[in-house]
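When you get a sec, could you build the whole thing from the sequences and use the hints?
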Amino acid sequence: MEELRREGLEVSESLVDRLAYSHDAWPLELKAAVLGRPHWLPRAVAWPETTEQVAVLLRWAQRHRVPVVPYGGGSGIVGGALADGSALVVDLKRMGRVLEVDESSLWVRAQAGISGQYLEDRLNARGLTLGHFPQSMRASTLGGWLAHRAAGVASTRYGKIEDMVLALEVVLPDGEVVRTPRVPRAATGPDLDQLFVGSEGCYGIITEATLQLHALPEVRRWRCYAVGEFERGLEAVRRVLQRDLRPAIVRLYDAVEAAPYLEPWGRAGECLLLWGCEGYADMVALEVEHIEAACRGQGWSDLGDGPAELWWSRRFNTLGLVRPLLESRGVADALEVSADWSCLGRVYEGMREAMLAAVGERGKVYGHLSHAYLTGANLYMIFSAEAEDEEAVAHTYWRVLEVAFEACLSLGGSLSHHHGVGLAKARWLGREWGASGLRVLWRLQQALDPGGIMNPGKGLHPEVGDA
Amino acid sequence: MLERYREAIRRNAMAHEQELFATPEVWALGSHAHTVSRRALLLWLVLTGHMDWSRELGDVLYAALTDGAQCAFSVYRYSEEGCPEETPYLRAARAELVRRGLAPEYVERAREAYLSEGTPWGKLERWTASGEVVLLVDASTLALSPEVAEACRRVAQRVRPEVGLLAGVTTGYELYDLGLWGEAERAAREVAGCLQELGARLVVADSAEAAYALRRICPELGVELGCEVVHISQWLCGLGDGLPPWRYEGVVTLHDSSRLGRGLGVYDPPRELIRRTGAQLRELRYQREQALPSGPTFGYPYPEAVEAIARRRLVEVLETGAEAVITTSPYARRNLRLVARGAELRVLDLVEWLQHCWEG
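So the sequences go chain by chain: A and B. Using the numbering used here, the first residue of the first sequence is number 1, and each one after it goes up by one. Using the numbering used here, the first residue of the second sequence is number 1001, and each one after it goes up by one.
Quick caveat, the hints were computed from the structure, so don't treat them as lab data. C-beta atoms are modelled at their ideal positions from N, C-alpha and C, and glycine is treated no differently. Check before you lean on any hint, since a few could be wrong.
Chain A is nowhere near these chain B residues, computed Cβ spacing over 12 Å in every case [what the hints assert, rightly or not]:
1. 1127
2. 1224
3. 1240
4. 1243
Estimated spans, in silico, between C-beta atoms of each pair [stated by the list, open to error]:
5. B:1304 with A:446: 34 to 44 Å
6. B:1050 with A:304: 45 to 55 Å
7. A:410 with B:1050: 40 to 50 Å
8. B:1356 with A:125: 19 to 29 Å
9. A:447 with B:1304: 33 to 43 Å
With the Cβ distance kept under 7 Å, some of the chain B side facing chain A (calculated, not the full set) [unchecked claim]:
10. 1013
11. 1015
12. 1016
13. 1027
14. 1032
15. 1045
16. 1048
17. 1050
18. 1056
19. 1079
What follows is the structure in structure tokens.
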């Protein structure tokens, strides 16, 4: 580490600093750290301030075969930012500036360590928006969004993070710096940006990104309906999306998760279908007209915008995941999968039944749809469970995930829509990709990182995942 | 001392970090150790015997801004139990560090200065004048911004010539915040004694920190003042039509001081005074309960980070297009002035600004 310090990098090996990085928001390790039993305690932490310092650091790590784990806001819930006792955590929060905004071409260039909310605030001051509003945006960074292929609540209109990327600056595992060209589109080979987006720190460290922007919407309008059956709500969403409409926010909550929003309207026990349309007033009016037509005549209760205002005011509420962890035998997690319309309903029912059986009488399972496409949608399946004793918490957790992903994958769904793989889903990655697909990922990793230093022990790393 | 906050610490250690973006010390220093959840985790590990107190831990705990913005964004604000506030247990932890001799050196220097010369800044001139209404000009104002102290005195005497005066004493805010609780109690008792001698029935505190110390910290320390306490903005608002013809044609913004706003719930009086001058008030994006901090108060373990912290608030200020930012804290005034150099922006205390409006 002295070698790094001589190069001007700040590095700490103190226990206080290492404990600060002993967990992210993955429930199992969050609990373990608070119990004083962290399983992941890094060797050291470094805080580069420039791309050149990141390059110096990775060259050093290659020379000395020291594993490297990039760290942003620590809000990831799949354990992707955990580092063991041999690894160096590289925290990018000192690289957190807006570098350039082009209001004519509508893009922003920013450093990867920038806070998501801070970036959005600076854009809003110019009348612009990224359109990316993950529930973690106050707790996460741009680099983390890119590394995990994040999606925000308004993604149906604005796209996911991969849709927003125009260019990246990435420091490869050998210290070489790649800067992809910033153009709207090019047919000059595969899109290298898409290689790094979702790479979870395994192909290098993203240090800068250029992202497309939008004008702040003129108007936002909400429409909410109390829907008797989840399946019929799915059908309504499918019809609207396949009308080539792209309302910014589309959420369908099952009866359990909808209850707090519908109780004030006396509709507890039903599902909540919530639409949020924003943009130019004339376009929004058209969207709302078609949504209303799709929802009319279904026998649903039209709730206007009321539940949506409540939902919007509580959109950063993750207590449902935090509260169970405060109980000694409690655990909770939010699994987000995706599937085609043809099998989405079956995936929801299959996962729900399997998870309910696994959590038993003292647990809860609920879900919602939150990102929709022409061909399908994402599903969140959230659970809380109470283990038999403190020692059985991890066992309970893995049992629920096992049955959930078995149901999901066997019914045609994908392992993760936008949280990534990390540690939580690594063991199922082979089922998702198949042997051939996994081999492509491995070969990419080996080509870029022959030393195997980048975020080892996680989903995209050759050591993990089934062949 | 810390046991009292055991549950608050545990809950914060387990929380999702929804206040991360509003914790500027994290972004200035770049380290996750300075997040609310990790500070809580470290204290929890000490409480549960997994870790010892240390100077390194002390540096982290003293780097916290104790501004209370956490609760405006914490995930627990959605809970029935409410947000487990970090500030009380941070101060208790600091007191424990002081007791163990592990506090940063500047804390010990503050204690020595207070004990030998009466304030953490050393010897300051004192003025007193009797009255039922007494303007208290805290030592922090005199030390950091003597022109503001003078403005407070002139404005107060203009609107009420009979107002008494107690200037140059420390209300003990800094001492309490640094964990020097014995010294803070002594300072509070001295202030209480002075006010009694002056015949005060109403104390008009010149700054956010002074008002907070008198209204919140004195009771914590078991010190009874025997008189009502208001911030100077509240006092001036309460005078109704008896105010001078202050006029200002221009755009200003207001930085809500943490101690006056979240600390005492006082948001409207400064706004009312601004409104009465005719100035156009453009609010900051994060205002009132959500106001983000401008930086540290007395001392800081990482002095090189103070500008970076203040700059995050300055960015918001500049985005309003205001020609001046008004504040009610000598620390906020200092922090924002530090980074406003070169920008076309004036940073003024509320009363300092009112005096300019009055005198032209």
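Hint check:
1. Annotated as non-interface, residue 1127 (chain B) keeps its C-beta farther than 12 Å from every C-beta of chain A; the closest such distance is 44 Å.
2. Distance to chain A confirms residue 1224 (chain B) as a non-interface residue, since its nearest Cβ pair spans about 38 Å, more than 12 Å.
3. For residue 1240 (chain B), the shortest C-beta to C-beta distance to chain A comes to about 36 Å, beyond the 12 Å cut-off, and the non-interface label holds.
4. At the 12 Å boundary, the C-beta of residue 1243 (chain B) stays outside the reach of chain A, the nearest C-beta of that chain being 34 Å off.
5. Taken as a hint, the range 34 to 44 Å holds for the pair residue 1304 (chain B) and residue 446 (chain A), whose Cβ atoms sit roughly 42 Å apart.
6. The given range of 45 to 55 Å is respected by residue 1050 (chain B) and residue 304 (chain A), whose C-beta atoms sit roughly 52 Å from each other.
7. Between residue 410 (chain A) and residue 1050 (chain B) the CB atoms are about 42 Å apart, so this pair conforms to the stated range of 40 to 50 Å.
8. Take residue 1356 (chain B) and residue 125 (chain A): their Cβ atoms lie about 27 Å apart, and the range 19 to 29 Å holds.
9. For residue 447 (chain A) and residue 1304 (chain B), the hinted distance range of 33 to 43 Å is satisfied, since their beta carbons lie about 41 Å from each other.
10. Interface hint status for residue 1013 (chain B): upheld, as the beta-carbon distance to the closest one in chain A is roughly 5 Å, under 7 Å.
11. Interface hint at residue 1015 (chain B): satisfied, since its Cβ lies 6 Å from the closest Cβ of chain A, which is below the 7 Å cut-off.
12. For residue 1016 (chain B), the shortest C-beta to C-beta distance to chain A is roughly 5 Å, which falls under 7 Å, so the interface hint holds.
13. A cut of 7 Å between beta carbons decides the hint on residue 1027 (chain B): the least distance to chain A is about 6 Å, and the hint holds.
14. Given the 7 Å rule on beta carbons, the hint for residue 1032 (chain B) holds: about 5 Å separates it from the nearest Cβ of chain A.
15. The restraint placing residue 1045 (chain B) at the interface with chain A holds, with a minimum CB-CB distance near 6 Å, inside the 7 Å limit.
16. For residue 1048 (chain B), the interface hint holds, the least distance from its beta-carbon to any beta-carbon of chain A being 6 Å, beneath 7 Å.
17. Below 7 Å, beta-carbon pairs count as interface contacts, and residue 1050 (chain B) has one with chain A at about 4 Å; its hint therefore holds.
18. Checking residue 1056 (chain B) against chain A: minimum C-beta separation of about 4 Å stays under 7 Å; hint holds.
19. Given the 7 Å rule on beta carbons, the hint for residue 1079 (chain B) holds: about 6 Å separates it from the nearest Cβ of chain A.
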